[in-house]
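Colleague: Chain by chain, the residues run as shown.
2 protein chains.
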Amino acid sequence: MAVTKREEFTQEEIWLSDVAKAMSHPARIRILKILNETNSCIVGTLVDKLPLAQATVSQHLKELKRVGLIEGEIDGPKVCYCLNLKSLSKAKSAIDKLFSKIGCC
Amino acid sequence: MAVTKREEFTQEEIWLSDVAKAMSHPARIRILKILNETNSCIVGTLVDKLPLAQATVSQHLKELKRVGLIEGEIDGPKVCYCLNLKSLSKAKSAIDKLFSKIGCC
DNA sequence: AGGACTTATCGTATATTTACGATAAACAAT
DNA sequence: ATTGTTTATCGTAAATATACGATAAGTCCT
Numbered sequence: 001m002a003v004t005k006r007e008e009f010t011q012e013e014i015w016l017s018d019v020a021k022a023m024s025h026p027a028r029i030r031i032l033k034i035l036n037e038t039n040s041c042i043v044g045t046l047v048d049k050l051p052l053a054q055a056t057v058s059q060h061l062k063e064l065k066r067v068g069l070i071e072g073e074i075d076g077p078k079v080c081y082c083l084n085l086k087s088l089s090k091a092k093s094a095i096d097k098l099f100s101k102i103g104c105c
Numbered sequence: 001m002a003v004t005k006r007e008e009f010t011q012e013e014i015w016l017s018d019v020a021k022a023m024s025h026p027a028r029i030r031i032l033k034i035l036n037e038t039n040s041c042i043v044g045t046l047v048d049k050l051p052l053a054q055a056t057v058s059q060h061l062k063e064l065k066r067v068g069l070i071e072g073e074i075d076g077p078k079v080c081y082c083l084n085l086k087s088l089s090k091a092k093s094a095i096d097k098l099f100s101k102i103g104c105c
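Residue numbers (this note's numbering), protein chains in the order written: chain C, 1 to 105; chain S, 1 to 105.
Calculated from the structure, these hints are not laboratory results. Mixed in with the good hints, there may be bad ones.
[To be verified] With a straight-line cut-off of 25 Å between C-alpha atoms, the simulated BS3-like cross-links for lysine-lysine are:
#	chain 1	residue 1	chain 2	residue 2
1	S	K78	C	K21
2	S	K90	C	K86
3	S	K62	C	K33
4	S	K86	C	K90
5	C	K86	S	K62
6	S	K78	C	K92
7	S	K97	C	K65
Using the sequences and the hints given, assemble the complete structure.
Modeller: Shown next as structure tokens:
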């Protein structure tokens with residue numbers, strides 16, 4: 001983000017922009033789409049479905065996890081990721097609220 | 001974004017991530033909020049309501065305009081910005097679709 | 001024309017993002 | 001214990017984002 005004056009904004013503004021930032025890469029959109037469509041959410045499967053190296057996919061998962069949009073559960077040597085329903089609905093209603101009225105000049 | 005492999009993703013994925021990127025800064029969230037609440041959308045008013053220099057606000061407006069979330073209309077020496085209803089509803093339904101089902105492991 | 005006002009653009013320093021290979025860490029199975 | 005499998009982390013190069021002052025470009029008014 002570089003030199004951002006985060007302190008000057010409200011918690012709500014910072015949180016929503018942070019969620020948007022987590023969604024601001026096509027790979028992360030695809031990850032969310034896959035997790036929304038299927039329950040089999042092992043990292044290896046995600047790596048197969050993305051045109052990126054394993055290390056890069058892991059980095060993207062970390063970013064989505066950071067803002068709480070997804071959760072990872074350890075399953076033996078594998079890790080299973082899934083959507084976080086609570087965060088999703090919170091984000092969804094915040095966006096609905098942000099775009100509730102239409103004011104145009 | 002840095003070294004992004006954009007070509008490897010679908011148009012829909014790129015478009016939605018781009019909209020999210022435009023919303024990935026607290027200042028731009030506040031701009032959208034202000035435009036949603038009021039019809040008086042002159043740049044000067046936005047500058048007054050943001051803790052940033054005029055040049056920086058202009059840059060943020062450009063980013064929101066780039067993805068079509070807002071539109072600017074020249075009004076004499078001033079410029080009046082407003083939300084773009086068509087883009088907003090398109091983005092809203094894309095997000096709804098992305099989070100339509102809940103699959104968890 | 002000249003001056004005041006409004007907004008966009010340029011130039012630039014610093015911080016962050018993205019991508020990857022290499023490596024570490026943690027488990028399963030022989 | 002050693003080997004193979006799976007995922008996270010480290011280190012790093014190149015690109016992008018953020019912020020601002022300075023300046024340009026446009027309008028309005030005497």
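Colleague: All hints are to be evaluated individually against the structure, with a verdict given for each.
Modeller: Hint check:
1. In summary, the hint linking K78 (chain S) to K21 (chain C) is not supported, as the alpha carbons are separated by about 31 Å, beyond the 25 Å threshold.
2. In summary, the hint linking K90 (chain S) to K86 (chain C) is supported, as the alpha carbons are separated by about 23 Å, within the 25 Å threshold.
3. Pair hint K62 (chain S) plus K33 (chain C) does not hold up; C-alpha atoms about 29 Å apart against a cutoff of 25 Å.
4. Between K86 (chain S) and K90 (chain C), the direct Cα distance comes to roughly 23 Å. Compliance with the 25 Å bound is thereby established for this hinted pair.
5. Between K86 (chain C) and K62 (chain S) the alpha-carbon distance is near 33 Å, which puts this suggested pair outside the 25 Å criterion.
6. For the given pair, K78 (chain S) sits about 34 Å from K92 (chain C) by alpha-carbon distance, which is inconsistent with the 25 Å threshold.
7. Between K97 (chain S) and K65 (chain C) the CA atoms are separated by roughly 20 Å; this keeps the pair inside 25 Å, and the hint holds.
Checked against the numbered hints given earlier, the structure breaks hints 1, 3, 5 and 6 and satisfies all the rest.
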